[in-house]
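Given next are the chains, with one letter for each unit.
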Amino acid sequence: MDHVVEVQNLTKIYNKLVAVDHINFEVKKGEIFGFLGPNGAGKTTTVRMLTGIIKPIEGHAIILGHDIQKEPLKAKQNIGVVPETSNAYVDLSAWQNMMLMAELYGIPKKEAEARAEDLLRRLSLYQRKNSKVKGFSKGMKQRLILCMALINDPVLVFLDEPTSGLDVQSSRMIREILLEFPKEGKTIFLTTHNMDEASHLCDRVAIINHGKIAAIDRPATLKNTIKKLNSIEISFDSTIKAENLSKIPHIIEIRKEGDKFIISTDDVDDLIHSLTDFAESQKLKIISLNTMAPSLEEVFVKLTGEV
Amino acid sequence: MTFQFLDQLKRSLGIMKKDIRIYYLKGPVVISGFLMPLFLFLAFFIGSRNLSIEFLISGLIGMTVFFTATAVSPIIAPWEAQVQTLERLISCPISITTLIFGDMLASFIFGILIAILPIAIGLAMGTHITNPIILILGLLLGGVCFSSFGLILSSPPSNAPSNIMMISSLVRFSLVFISGIFIPLENMPYWGKIIASFSPLTYFTDLTRYTLQGTNYYPVLLDFILLLGFSALFFILAVKLHQRTIYKRL
Chain A
1 MDHVVEVQNL
11 TKIYNKLVAV
21 DHINFEVKKG
31 EIFGFLGPNG
41 AGKTTTVRML
51 TGIIKPIEGH
61 AIILGHDIQK
71 EPLKAKQNIG
81 VVPETSNAYV
91 DLSAWQNMML
101 MAELYGIPKK
111 EAEARAEDLL
121 RRLSLYQRKN
131 SKVKGFSKGM
141 KQRLILCMAL
151 INDPVLVFLD
161 EPTSGLDVQS
171 SRMIREILLE
181 FPKEGKTIFL
191 TTHNMDEASH
201 LCDRVAIINH
211 GKIAAIDRPA
221 TLKNTIKKLN
231 SIEISFDSTI
241 KAENLSKIPH
251 IIEIRKEGDK
261 FIISTDDVDD
271 LIHSLTDFAE
281 SQKLKIISLN
291 TMAPSLEEVF
301 VKLTGEV
Chain B
1001 MTFQFLDQLK
1011 RSLGIMKKDI
1021 RIYYLKGPVV
1031 ISGFLMPLFL
1041 FLAFFIGSRN
1051 LSIEFLISGL
1061 IGMTVFFTAT
1071 AVSPIIAPWE
1081 AQVQTLERLI
1091 SCPISITTLI
1101 FGDMLASFIF
1111 GILIAILPIA
1121 IGLAMGTHIT
1131 NPIILILGLL
1141 LGGVCFSSFG
1151 LILSSPPSNA
1161 PSNIMMISSL
1171 VRFSLVFISG
1181 IFIPLENMPY
1191 WGKIIASFSP
1201 LTYFTDLTRY
1211 TLQGTNYYPV
1221 LLDFILLLGF
1231 SALFFILAVK
1241 LHQRTIYKRL
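Chains A and B, in that order, are what the protein sequence lines are.
Taking this note's numbering, the leading residue of the first sequence gets 1, the next gets one more, and so forth.
Taking this note's numbering, the leading residue of the second sequence gets 1001, the next gets one more, and so forth.
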């Protein structure tokens, strides 16, 4: 089985509003798949359909070889879910929450206890295992929810905004755990707003907007497809005006930042040559010159603006 | 198939334990489950000097089991939807039937355990249990029946527990007054008897009266058959209704 998630024409409509519109994609085994999109784009609705929390009105989602609608129990048995709007039971202790999850996944008690201890230790919660979740910080709660999602040692983990609004320590801890998953043979389906996170963690990303998939590819490939967003950062040994540069060909936009110019271009190579010619003709020394590829955030803004 | 059934049954015990820890082992639940029927009992005890203590105690047992078994089950689903733990449960590999069965089990255990209090009061006031086996069987069946009934009350897809409590109180109090608890069935007018026959509480109270007073309006076997029928009907209905409405809560 090469694909752990296969989505065909998945559609959801809420009160005549098309939240997800006939989307199609696959997630390969062992990859970290990022699902990006602005608020209301259909990210959470998609994850909820893939995890059997809500039902689509059309289309299919095959999770680990099982149709989530027709065989929900088999499909859910080997997945872990960290929902966006979920909570642990605050009146139970961290340990009781873990044991509850183990019982719901049918894990034998001894095995469950060993796994729970290991997970709580890995996410620095073991010392507080007998404390009620009521007294936990947001970061601790989110780490516990991740532990709960991993109690069944899932093959595929769905995480909906797992680091949203968390403190730096908790976010880092969660990211470090996520990076270990592919080594353990796990696949991750990650929904995030954080472009840096997606760029650093994901093998492939899908960008969704208005319920439709705008692009799916590797982050680096996506960045390269938006060539016109390439730019050059340059600084000279003496002050010049931006207008002096504007006659140089292939310049789309010039922005001054301190003593540097950020120049957007559709042809990096030609612009570098033109800039060195310009410096020579004006008897200027180039202090620094850097080429800058577009960030995933710029790709995201570009694509979601165009859909 | 059998393995899957047993496996899901085992998982429903997890739901049951969670419910007992979170919802039932709380002072206010114990107090409201027992005190409300006790106050109603005292009011009628003071005002109805011509009714035997056995009749009143059997009514108190009926009310206590009914009120306790239906006290918490109606609010579990809306409450869990509101505090965002329901989504966590739905994402687990358990069926809606497993979820409802677990909720029903917690309510059932609590409902029959609390019956010890009115039985103890009855014994302290000099009543005798003439047929304890019938009483135990009746309690078990009544517990299942009322717990399932409570879960029907929680099926409207409202995530505000107060809304469900309002509907629930309206239905529960109405049933108490038509089920032969305060007025013996034989003293009711014909139309009253017809209405009472639609309430499962009528048959449970009739059974407890038989075990304490030795008198009953319906044959004991009929009480059992109807309680069993109501239990099956309520449980199936609760599962079907929740299957339809639970996704609207998310």
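The hints are simulated quantities; they were obtained by calculation from the structure and are not laboratory data.
Be aware that a few hints might be false.
[As the list claims (entries may be wrong)] If you only want the chain A side, here are some residues facing chain B, beta carbon under 7 Å, derived:
1. I53
2. I57
3. Q69
4. L73
5. K76
6. P83
7. N87
8. D91
9. S93
10. E103
11. G106
12. L179
Everything numeric in this text was worked out from a predicted model, so none of it was measured.
Cβ coordinates follow ideal geometry from the N, Cα and C atoms, glycine included.
Verification of the supplied hints:
Interface hint status for I53 (chain A): upheld, as the beta-carbon distance to the closest one in chain B is roughly 5 Å, under 7 Å. About 12 Å separates the beta-carbon of I57 (chain A) from the nearest beta-carbon of chain B, more than 7 Å, and the hint is not met. At about 12 Å, the closest approach between the beta carbon of Q69 (chain A) and any beta carbon in chain B exceeds 7 Å, and the interface hint on this residue is violated. Taking 7 Å as the C-beta contact cut-off toward chain B, the hint placing L73 (chain A) at the interface holds, the least distance being around 5 Å.
Below 7 Å, beta-carbon pairs count as interface contacts, and K76 (chain A) has one with chain B at about 4 Å; its hint therefore holds. Here the hint on P83 (chain A) is kept, as its CB sits about 5 Å from the closest CB of chain B, short of 7 Å. Annotation: N87 (chain A) was flagged as interfacial toward chain B, and the flag holds, the nearest CB pair being 4 Å apart, inside 7 Å. Given hint, D91 (chain A) at the interface with chain B, holds; its Cβ is 5 Å from that chain's nearest Cβ, closer than 7 Å.
With 7 Å as the threshold, the beta carbon of S93 (chain A) stays out of range of chain B, its nearest partner Cβ sitting at about 10 Å, so the hint is violated. Here the hint on E103 (chain A) is kept, as its CB sits about 3 Å from the closest CB of chain B, short of 7 Å. With 7 Å as the threshold, the beta carbon of G106 (chain A) comes within range of chain B, its nearest partner Cβ sitting at about 6 Å, so the hint holds. Against a cut-off of 7 Å between C-beta atoms, the interface hint on L179 (chain A) is violated, since the closest Cβ of chain B lies about 23 Å away.
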